[in-house]
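**Student:** Protein chains in written order, with our numbering: chain C, 1 to 315; chain L, 1001 to 1365; chain R, 2001 to 2259.
Since the hints were derived computationally from the structure, they do not count as laboratory data. Honestly, I wouldn't trust all of these hints.
[Claimed, not checked] Looking from chain R toward chain L, a few residues come up when the C-beta cut is under 8 Å (computed):
#: 1; residue: Ala2077
#: 2; residue: Asp2079
#: 3; residue: Met2208
[Claimed, not checked] Pair by pair, the computed Cβ-Cβ distance ranges are:
#: 4; chain 1: L; residue 1: Leu1233; chain 2: R; residue 2: Asp2246; range: 51 to 61 Å
#: 5; chain 1: L; residue 1: Phe1357; chain 2: C; residue 2: Thr277; range: 50 to 60 Å
#: 6; chain 1: C; residue 1: Val252; chain 2: L; residue 2: Leu1238; range: 55 to 65 Å
#: 7; chain 1: R; residue 1: Lys2145; chain 2: C; residue 2: Val108; range: 37 to 47 Å
#: 8; chain 1: R; residue 1: Pro2058; chain 2: L; residue 2: Gly1074; range: 21 to 31 Å
#: 9; chain 1: C; residue 1: Val252; chain 2: L; residue 2: Asn1296; range: 40 to 50 Å
#: 10; chain 1: L; residue 1: Leu1170; chain 2: C; residue 2: Leu48; range: 23 to 33 Å
#: 11; chain 1: C; residue 1: Phe300; chain 2: L; residue 2: Leu1233; range: 50 to 60 Å
Even for Gly, the Cβ is constructed at its ideal location relative to N, Cα and C.
Spelled out from the first residue to the last, the chains are:
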Amino acid sequence: MSVTAPPQPPRAAKPVVRPGDRIFAGTARVAALTIMLALAGVFVFLALEGYPGLSAPERIYAPATDFWSYVGPLVFGTILAACVALVIAVPFSIGVALFISHYAPPRVAVPIAYVIDLLAAVPSVVYGLWGGLALAPATRPLIDWLYDNLSFIPFFAGPPSVTGRTMLTAGIVLAIMVVPITTAISREVFAQTPRLHEEAAMALGATRWEMIRLAVFPYARSGVISAVMLGLGRALGETMAVAMVLSATPVVTLNLISNSNPATIASNIASNYKEATPDKQAVLIATGLVLFAVTFVVNFAARWVISRGERNLTR
Amino acid sequence: MSTSTPLEPDTFAITADLAQPRLPAWAVLLDVVLAAGVAGLLTLLLGWSPYAGLVLAIVLAALGMPLWSLLVEGRRAAADRLATSVVWASFGVVLVPLVWLIWLVVKNGIGVINSEFLSYDMRNVIGEGGGIYHALWGTILITLAAAIISIPIGLFTAIYLVEYGRGSRLARVTTFLVDVMTGIPSIVAGLFALSLFVLIFGPAIRIGFGGAVALSLLMIPTVVRSSEEMLRLVPSDLREASYALGIPKWRTIVKVVLPTALGGIITGIVLAVSRVIGETAPLLVVAGATDTVNFNLFNGRMTTLPVYIFQQYSQPGIVGPAGGDPPGYARAWGAALVLIAIVMVLNLVARIIGTYFAPKTERRR
Amino acid sequence: MAKSIDVSDLNIYYRDFLAVEGVNMTIRAKAVTAFIGPSGCGKSTFLRTLNRMHEVIPGARVEGKVMVSGQSLYDAAIDPVAVRRQIGMVFQRPNPFPTMSIYDNVLAGSKLNSKKMKKAEADSIVEKSLTRANLWNEVKDRLAKPGMGLSGGQQQRLCIARAIAVEPEVLLMDEPCSALDPISTSAIEDLIHELKSEYTIVIVTHNMQQAARVSDDTGFFNLKATGEPGHLVEFNPTNKMFTNPDEESTEAYISGRFG
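Assemble the whole structure, with the sequences as input and the hints as a guide.
**Tutor:** What follows is the structure in structure tokens.
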């Protein structure tokens, strides 16, 4: 067993280590350390380059006046877009995951899972292209209808955009990008429900749906929660789809169907990088650091939920 | 065959009835046909868009069945039918954007692609014409460079995690950091590369190699994850058999472990490449955009296909005298078709390698 | 009210594979019927056809008839869900729902049918079922604790309580003691004896002594040869089966000469 143990500090006799082994093990260790360095580098370089952005000349932040009032609407927009995306994506993800794990005939379940994975393979810029040129105009009847009938809800206060390039459209595109991620994880945990528990429910005279509620959902709860959070991480960081759909203005509004929509942090960087002076560049990098921090917290929470769920079930 | 001794007949009274009123098997078919008919008729009469008609048909079909069931079969069966309808409908709805998107990309892209489109760049192109030659080369070079950086780092990290670092603190930290890396938004990776090169070369720097660095930051965690999983699947019997022959550990890894896991590792790498090849944001930030071919990763701006699509979309040019869409849109669709084709081919290749070399383990569906 | 079950010419398939062939038997009401036989001979598969749990496995189907009190189980008009309410099942390994308390586990089945149950009514079902499963005294002070915290034997009795809480008329038991220690096994066997007065019980067991101890009738399943379908060799009152069986192979199996 000593072969798999990590190298021990020298004992009485020094173990013989072949030069080949030493070089190979060393290379592997260096690779692992590189990852650590790279990640540390992300923090350090973003901080170094972004720090001046926190206190740039006031005109850089126009129309805002300082960094926090500049980044505030962006954070709001980021969270709003991600929430809209999740509200749309989560029910569909759970439905599709159940379809693959429990409803579809087993013979077609695997190809169907592959088709859903294809959704994840489509590059985000193509989603943006589709969202801006096809989906946005197609949503106009929908947003007109929402405005006519539901304008008392702040989300649909209007006036409706004539281009269809609204927060709602961006949310739909983001939702489509989130669906494959949450579906993939949810269907894994649904399929892992012990057969014994499913049969126990069936033998009590449960219908398929009751069986799913009795045996599958309680078992899969933490897995689904973490799937949703990983999807949230994706939605928060997605750039192109939002940048290509929204024409952004720095406002804070819940209105999902009007012409003026807040940008997200990521889309704001993408649409401003080009004209960026060094000062502006620093500000954009600083907002990137904020985005990194937010997604880090969300992903971290997701992992924590997963590990806690694993511990609960292996008890 | 079987012998059954005569027993006293059933003397107990029949209690609960097992036969419940049930809808016949063709009820579902009827429901779908009716829903489609009603929705189709309304769509035609009221002049709605076909998408609205499709959505209406799905909603009608999904609600019709449980309602009917509620009348005939009772509450529990109706709830079950409703769940079934909702699950099927959600799958149907999710397919709509996928089909719509692929249909549009193919329809709008196929007419654009010709030898000129593939072999010309965008220098001095105003209005129609031009192509993706420069973007194709940019994509190939930057992705290749990213792969050259990420594969050794990713693979050796996986080897470290599985073969050397088991349980050590460095291994645990690395696993955690790989998780963190998986969640880095792509634009943040781009900003990181930008900061790095700006620090070295000054604020105006835009080079293709920076894009490669950003992409490898996104690629490494995928490579580590998939390689690690594959290496763990190699049975330890194989390693022990090799040690027992007196083969040193590193040669065991190179000659026994890696070849056994090779198929899976390559699958993982190809999937990782197909993931980063469509990345736009980091390249936009650090590699910039240009209209001409640039073969030098270390000097000057470099355009990739995704960035090209974004460029053509955001600055589509002037609508010609004939009217219609600006010329950039057509080029964007054409480039999108090429990009999707590349990604799909890579995915397919990964699938094929994966199934050919798959370790024979049983798995529940 | 218990029920008898008549099986005639039953063939059981997994897709195209014939697993069990030509079973004929009558299972008496309010008696314990045991199935014995070597591994893989189809006893469990046959048991699962008696409450239509068999078809839960994709591709599984049957030919022939299973009559329960004059109703054919595999008629198109029969709802498998209703069948499973009438014919409960206990599995090889105890399988309480891991996220539910003991209390909720017992009620899991009954809650499906009544939208709102009064607290007192629910309490009485729990107490009655756990008492009948000989578990009440052991768990009455910790009903809110998770069912997974119990010992294996207690978990299995909890599963029996859960099955009888829906008031079925037949109880199918698929090797209910195979994962349990001897003391828990004897507790379950005692329980089977007591339940016999109210339920028709069918039990699959690997343990011939257990079959001899608990059952009134015994069916012996065997394979004709490796790869051939399983079939019912002999079905007789247990006394006769273990003292003077009709078939030579039964005697060979029971006396331990093969299998």
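**Student:** If a hint holds in the structure, say so; if it does not, say that too.
**Tutor:** Going down the list of hints, with the structure as the test:
no., hint, verdict
1, Ala2077, "5 Å, holds"
2, Asp2079, "4 Å, holds"
3, Met2208, "19 Å, violated"
4, Leu1233/L / Asp2246/R: 51 to 61 Å, "53 Å, holds"
5, Phe1357/L / Thr277/C: 50 to 60 Å, "52 Å, holds"
6, Val252/C / Leu1238/L: 55 to 65 Å, "60 Å, holds"
7, Lys2145/R / Val108/C: 37 to 47 Å, "42 Å, holds"
8, Pro2058/R / Gly1074/L: 21 to 31 Å, "27 Å, holds"
9, Val252/C / Asn1296/L: 40 to 50 Å, "45 Å, holds"
10, Leu1170/L / Leu48/C: 23 to 33 Å, "26 Å, holds"
11, Phe300/C / Leu1233/L: 50 to 60 Å, "28 Å, violated"
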